[in-house]
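Participant: First to last, the sequence lines map onto chains A and B.
Position 32 (the first sequence) corresponds to 32 in this note's numbering; numbering is contiguous.
Position 8 (the second sequence) corresponds to 8 in this note's numbering; numbering is contiguous.
These are computed hints drawn from the structure, not numbers from a lab.
Only a predicted model underlies this, so the values are computations on that prediction, with no experimental measurement involved.
It is possible that part of the hints are untrue.
One-sided excerpt, in silico: chain B residues whose CB lies under 8 Å from chain A [as the list claims (entries may be wrong)]:
# : residue
1 : Thr-123
2 : Ala-127
3 : Tyr-188
4 : Leu-312
With a straight-line Cα cutoff of 27 Å, these simulated DSS-like cross-link-like pairs (lysine-lysine) come out [claimed, not checked]:
#  : chain 1 : residue 1 : chain 2 : residue 2
5  : B       : Lys-252   : A       : Lys-330
6  : A       : Lys-332   : A       : Lys-270
7  : A       : Lys-300   : B       : Lys-184
8  : A       : Lys-300   : A       : Lys-332
9  : B       : Lys-184   : A       : Lys-332
10 : A       : Lys-332   : A       : Lys-146
11 : A       : Lys-270   : A       : Lys-165
12 : A       : Lys-165   : A       : Lys-282
13 : A       : Lys-286   : A       : Lys-272
We put the CB at the ideal spot given by N, CA and C, even for glycine.
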Amino acid sequence: MGFVKSFAKNDNINPKQDRKKDDCRGNRNLAGRFAVRRGMVLLVAAIMLFAVLAGCSGRNRADSVSGNAGLQSGAGSGDAVPGNGTVGASGDGSGNTSAGSTDASGRSETGAGGDGTVAGTDASSEFPLTVTDANGDVMTLENPPKRIISLTLGSDEILLSLVDKSRIVSLTRYADDEGISNIAAEAKGVGVRTTMDQIENIIALEPDLVITDTWADINYIKQLRDSGITVYAFRTPNNIDEQRAVVAELAHVVGADGKGQELVNWMDEKLKAVEERLSVLKPEQKLTVMDYGELGSSGKGTNFDDIVTRAGLINVVSRAGIEGWPVISKEKIIEFNPDIIILPSWYYDAGNTFESMRDSLVNDPSLQTVSAIKNNRIISVPNPHISAISHYVVLAVEDVAKAAYPELFE
Amino acid sequence: MLKTGNFTVYKKMGLVLPVLAALLVFTVILAVALGAVYVPLGRSFRIILDNIGLIDDPTLPGDQVSIICMVRLPRVIVACVAGAALSVCGAVMQGLFRNPMADPGVLGVSSGAGLGAIISITTGLAARSIYTMPMFAAVGALGAVAVIYLLSLRRGRIAPLTLILSGIAVSTFIGAVTQFILIKSNTYEVRRYVFWTMGGLSGMMWEQVRLVTFPVLVLLAALMMFSRDLNLLQLGDEEAQSLGLEPSRTRKLLLLITSLITAVTISVCGPVSFVGLIVPHIMRLAVGPDHRLLIPASALGGAIFLTGCDILGRMPANGEIHVGIITAMLGAPYFLYLLIRTRKGGAAF
Chain A
1 MGFVKSFAKN
11 DNINPKQDRK
21 KDDCRGNRNL
31 AGRFAVRRGM
41 VLLVAAIMLF
51 AVLAGCSGRN
61 RADSVSGNAG
71 LQSGAGSGDA
81 VPGNGTVGAS
91 GDGSGNTSAG
101 STDASGRSET
111 GAGGDGTVAG
121 TDASSEFPLT
131 VTDANGDVMT
141 LENPPKRIIS
151 LTLGSDEILL
161 SLVDKSRIVS
171 LTRYADDEGI
181 SNIAAEAKGV
191 GVRTTMDQIE
201 NIIALEPDLV
211 ITDTWADINY
221 IKQLRDSGIT
231 VYAFRTPNNI
241 DEQRAVVAEL
251 AHVVGADGKG
261 QELVNWMDEK
271 LKAVEERLSV
281 LKPEQKLTVM
291 DYGELGSSGK
301 GTNFDDIVTR
311 AGLINVVSRA
321 GIEGWPVISK
331 EKIIEFNPDI
341 IILPSWYYDA
351 GNTFESMRDS
361 LVNDPSLQTV
371 SAIKNNRIIS
381 VPNPHISAIS
391 HYVVLAVEDV
401 AKAAYPELFE
Chain B
1 MLKTGNFTVY
11 KKMGLVLPVL
21 AALLVFTVIL
31 AVALGAVYVP
41 LGRSFRIILD
51 NIGLIDDPTL
61 PGDQVSIICM
71 VRLPRVIVAC
81 VAGAALSVCG
91 AVMQGLFRNP
101 MADPGVLGVS
111 SGAGLGAIIS
121 ITTGLAARSI
131 YTMPMFAAVG
141 ALGAVAVIYL
151 LSLRRGRIAP
161 LTLILSGIAV
171 STFIGAVTQF
181 ILIKSNTYEV
191 RRYVFWTMGG
201 LSGMMWEQVR
211 LVTFPVLVLL
221 AALMMFSRDL
231 NLLQLGDEEA
241 QSLGLEPSRT
251 RKLLLLITSL
261 ITAVTISVCG
271 PVSFVGLIVP
281 HIMRLAVGPD
291 HRLLIPASAL
301 GGAIFLTGCD
311 ILGRMPANGE
321 IHVGIITAML
331 GAPYFLYLLI
341 RTRKGGAAF
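Can you make the complete structure from the sequences, with help from the hints?
Facilitator: And the structure:
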């Protein structure tokens with residue numbers, strides 16, 4: 001610090017004078033020459049640095065390519081899609097059996113994921129297995145993965161139902177949070193906890209498969225692939241049909257098609273049971289609903305919308321043609337006049353609870369004409385179900401249907 | 001040892017720059033050696049030597065080779081280059097506008113880049129290729145600069161005050177557009193954008209190194225040649241002109257170069273806050289206001305500062321802290337400390 005101070009003192013002279021001394025007495029050329037020389041030195045240094053870097057990365061890429069056939073970074077082309085020569089029609093189609101045949105509800109269009117595989121009755125996929133993930137990247141798994149890292153809560157939940165715990169080396173830390181996870185108890189003692197940005201830790205765990213979603217930063221994905229790790233990204237489903245496809249898709253990737261089919265069947269059974277209960281419901285008897293959370297409500301194209309629709313309700317937000325997760329103003333709540341308002345059972349802000357949120361709505365003088373408030377039908381369903389990005393989402397359909405039409409479930 | 005000073009700037013240079021360079025080398029070694037996963041220092045060196053091809057050691061563990069060569073090295077290099085780029089641009093802008101508050105953000109580079117980033121995220125293009133987001137950010141940044149520049153152009157000359165004011169206005173406007181897009185986006189997209197604005201060096205690969213290193217170093221070298229002109233500009237336009245400088249032309253050129261550098265840097269690692277403001281000021285306190293010394297010192301200082309902050313950011317075992325947070329949290333108090341100390345010492349600032 002004394003060093004800084006003494007310099008600062010020495011420079012106490014007006015900078016203008018200092019400069020005049022130097023620059024105005026024909027020192028210009030000297031200074032100019034120095035600047036030029038320094039620039040040149042820097043340029044040379046830059047080029048040298050560059051050569052070293054190019055050498056380093058070039059060699060390493062060669063290593064990683066030879067190290068894992070099938071999974072390679074697009075050799076410097078910058079293309080996120082691996083330039084894979086081994087993709088063959090046979091490999092891609094291996095587990096791709098009729099999608100519609102096993103689909104109980106008859107809706108086979110899923111739109112989720114690359115190959116949209118729904119495996120048939122055969123026990124498991126054949127390895128080496130070539131798959132295309134939801135980002136369109138093609139990869140080959142030589143053997144059924146035994147060291148799996150899951151980087152989303154949804155895949156945590158699906159994986160725990162699909163494979164033996166010993167094959168999982170890491171889950172997300174959300175898996176342990178009872179407020180959002182369906183596997184909080186089950187996940188105890190399974191693997192470690194990692195997030196995508198802990199790249200070094202992920203590499204050090206030496207996984208043979210990393211599962212993430214398409215929201216993940218592709219820089220991370222590429223970095224892991226460059227390190228020789230297979231990364232599979234699935235697309236976050238926006239409805240239960242897509243969810244069904246994701247379960248089957250992940251089951252296929254980990255070589256557990258049979259288990260995947262069991263899970264899908266379980267989902268269909270659950271849905272069918274609710275459907276049967278609601279079959280007596282006439283269209284004009286259907287109640288209206290909306291959700292009201294910290295981050296807004298849910299409109300068209302959301303999981304929530306699909307859940308409440310299957311639970312025999314009409315989502316007023318999507319009926320109004322609103323997509324996504326809008327923030328609905330109080331005026332609109334009054335206008336929409338829903339019969340039921342669903343509040344979350346879990347809040348980002350720990351200061352909020354279901355009771356406090358309900359009371360603030362019930363005591364709001366402006367909302368007294370709203371049907372849900374007049375009839376005291378502000379409900380909450382278990383958050384792990386309704387926010388699930390896994391097969392557990394079907395439980396939310398049951399929860400909502402039971403809360404909305406208790407008389408049908410007696 | 002530095003008690004009396006009739007140092008000329010070159011003598012000072014010979015003293016200060018080697019010290020800073022040594023510090024930088026030390027920081028870089030530290031940065032490669034430290035991280036979330038422990039790799040012994042000696043082995044880190046062997047891994048690097050092995051990869052350059054100087055030694056051949058097949059016994060090196062593969063995961064550690066990946067960690068050093070694919071994760072840490074590119075990251076450290078980008079940190080050095082970005083730190084140097086941002087702080088030199090800060091030094092130049094402060095000199096250019098004779099305004100101690102000027103930093104690359106004044107030109108709307110950050111907000112323009114932010115708009116580009118959010119557009120690439122919400123359109124889903126950012127998920128297609130690792131180059132899309134940097135490209136959008138760079139285009140946004142340069143677009144914002146162009147608008148601000150045209151607004152402040154008057155009869156072929158730039159009015160510095162108009163430039164700063166219109167910079168603030170345009171930035172605010174672009175920020176509002178960005179926020180408008182944000183409220184229409186889903187949680188994941190918002191998250192991605194917010195993380196981007198924090199400025200981060202995680203996920204840096206050789207692709208980013210290639211993207212940023214060459215243009216930035218060349219342009220920095222170009223800036224260095226203007227250091228004498230920058231000194232002249234401190235005298236005011238009229239005096240500078242009487243000494244044979246065309247202030248308007250110089251200013252335009254410098255603006256072009258700095259905005260190019262900043263755009264390239266920000267497009268790769270996000271708007272890392274405060275580096276452009278604090279490092280030049282610290283260096284000015286340390287080495288004085290002469291740009292011939294200030295610019296190279298800022299380059300080295302910026303590289304040291306950002307690399308150092310990044311080391312701290314990736315130390316926590318349970319997840320990283322974005323480097324932009326560290327730069328601001330460490331930088332601001334240290335800057336204030338320096339400021340107060342220097343004031344007490346009676347030195348002019």
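Participant: Determine for every hint whether it applies to the structure shown.
Facilitator: Evaluation of the provided hints:
{"no.": "1", "hint": "Thr-123", "result": "violated, 14 Å"}
{"no.": "2", "hint": "Ala-127", "result": "holds, 6 Å"}
{"no.": "3", "hint": "Tyr-188", "result": "holds, 4 Å"}
{"no.": "4", "hint": "Leu-312", "result": "violated, 15 Å"}
{"no.": "5", "hint": "B/Lys-252 with A/Lys-330", "result": "violated, 52 Å"}
{"no.": "6", "hint": "A/Lys-332 with A/Lys-270", "result": "violated, 34 Å"}
{"no.": "7", "hint": "A/Lys-300 with B/Lys-184", "result": "holds, 14 Å"}
{"no.": "8", "hint": "A/Lys-300 with A/Lys-332", "result": "holds, 16 Å"}
{"no.": "9", "hint": "B/Lys-184 with A/Lys-332", "result": "holds, 18 Å"}
{"no.": "10", "hint": "A/Lys-332 with A/Lys-146", "result": "violated, 52 Å"}
{"no.": "11", "hint": "A/Lys-270 with A/Lys-165", "result": "holds, 25 Å"}
{"no.": "12", "hint": "A/Lys-165 with A/Lys-282", "result": "violated, 45 Å"}
{"no.": "13", "hint": "A/Lys-286 with A/Lys-272", "result": "holds, 18 Å"}
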